[in-house]
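Peer 1: Sequence:
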Amino acid sequence: MRRTAAGLLVLLALAGCTTPPPQPATPEVTWTASAPADGVTLTRLGFRNGPADFWLPSGLVIRDRVDLEANVTLVITSPGGAELAAWLRRNLPAAGFEITADGQDSLLFRRGQWQGAFTVTEGLSALSLRTDREQ
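Going by this note's numbering, 50 is the number at position 50 of the sequence shown; the sequence numbering is gapless.
Derived by calculation from the structure, the hints in this document are not laboratory data. For each residue, glycine too, the CB sits at the ideal point set by N, CA and C.
Pair ranges (Cβ atoms, derived):
#1 75 <-> 104: 15 to 25 Å
#2 123 <-> 34: 31 to 41 Å
#3 132 <-> 37: 29 to 39 Å
#4 104 <-> 48: 30 to 40 Å
#5 93 <-> 40: 16 to 26 Å
#6 122 <-> 34: 28 to 38 Å
#7 73 <-> 112: 11 to 21 Å
#8 93 <-> 133: 16 to 26 Å
#9 122 <-> 65: 13 to 23 Å
#10 34 <-> 121: 28 to 38 Å
#11 75 <-> 43: 10 to 20 Å
#12 40 <-> 128: 12 to 22 Å
#13 43 <-> 93: 15 to 25 Å
Could you put the whole structure together from the sequences, leaning on the hints where they help?
Peer 2: Below you can see the structure in the form of structure tokens.
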């Protein structure tokens, strides 16, 4: 009897050791939108990563950049922060991005796996696109 009970306990313990089924990756949302007349893609700005259809204003002056698979960041000197924030407000929704926070020329936005942030300081603005944060 004890041997049978011990065997059942071992079976129950092993049954709890199975690996969970893999979680599906968050699919990239496909979006088709016409390009803004005054816009340029990240690819045209020399980035290898980031959403292929993410647009920024033509003539953008980038001081620093990070171009990683899960993180694209730009530190921008021109146009000015308020002007760039207004441009993003007009163009992000047309590209399928939802603006989730907006205040003092700072924005949070997302679309599918991509989450973005834009902020302004004196003389500089920064934009970051990430896929490595929980949704």
